[in-house]
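Visitor: Protein chains in written order, with this note's numbering: chain A, 41 to 143; chain B, 82 to 181.
None of these hints come from the bench; they were simulated from the model.
The beta-carbon is built from N, C-alpha and C at its ideal position, and this holds for glycine as well.
Check the hints yourself; a few may be wrong.
[Claimed, not checked] To give an idea of the interface, some chain A residues facing chain B are shown, with a C-beta separation under 7 Å as derived from the structure:
id : residue
1  : GLY51
2  : PRO74
3  : TYR76
4  : GLY79
5  : LEU97
6  : GLN116
[To be verified] Computed footprint of chain A on chain B, listed as stretches where at least three residues anywhere in the stretch have a Cβ under 8 Å from a Cβ of chain A:
id : region
7  : 85-99
8  : 161-172
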Amino acid sequence: MTPSAYTPAPGKRFKVGDRVRVKTAHPPGHRRTPAYVRGKKGEIERVCGRFPNPEELAYGFDGEPRRVLYRVRFRQRDVWPAYDSPSEDFIEVEIYEHWLEPS
Amino acid sequence: MNRNPADIGGEAAGPIDTVDHGMKFWEKQANALRNTLTGGKVVRLDELRRAAEELGDRYYRLGYFERTTEAMRNLLLEKGLFTRSELEGKINELRRRYDT
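Work the whole structure out from these sequences, hints included.
Guide: So this is what it looks like as structure tokens:
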């Protein structure tokens, strides 16, 4: 069995329940933050751990320093302008700390 | 805005092809080579994804295994595991051997 890639995340910037906003930047490069959540507000749902930075791994570097990954919960109607539902639906996206700012 | 070709969430998708096309022999070989290269830490999956995204318009024109194989070729050239002329020499040698 493959061991879990989970790592503790000391020194993290956000905690569960914190309100955050995803940066609106569109820099070139191997970015793993989906365009549809950039600039959107959400809430930290969980801290996933610290992982090598895929934006660096993609170019053959070692991914250090590791970055804290969070699962961020967004209201669907905040993400999709035409989202038409009376219910409180959510979408959760895993996003690295350097893409998030306090909201 | 630099939107990479893999970042299509929220775009109109059109009809989805749900037919199982199976895998051709060369596709199985290409997949095995990719797994060998990533398993042996010669290349990382992140690098392969990035190389595929860098195919630009070709990303959309190529089939899945064509895309991943071309990305793998570009990445191995980039890393200097072989040169373009070595690759072309090998391809020509195989063409002669199989008379194609």
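Visitor: Which hints, by number, does the structure contradict?
Guide: Violated hints (numbers, rising): 1, 4, 6, 8; every other hint is consistent with the structure.
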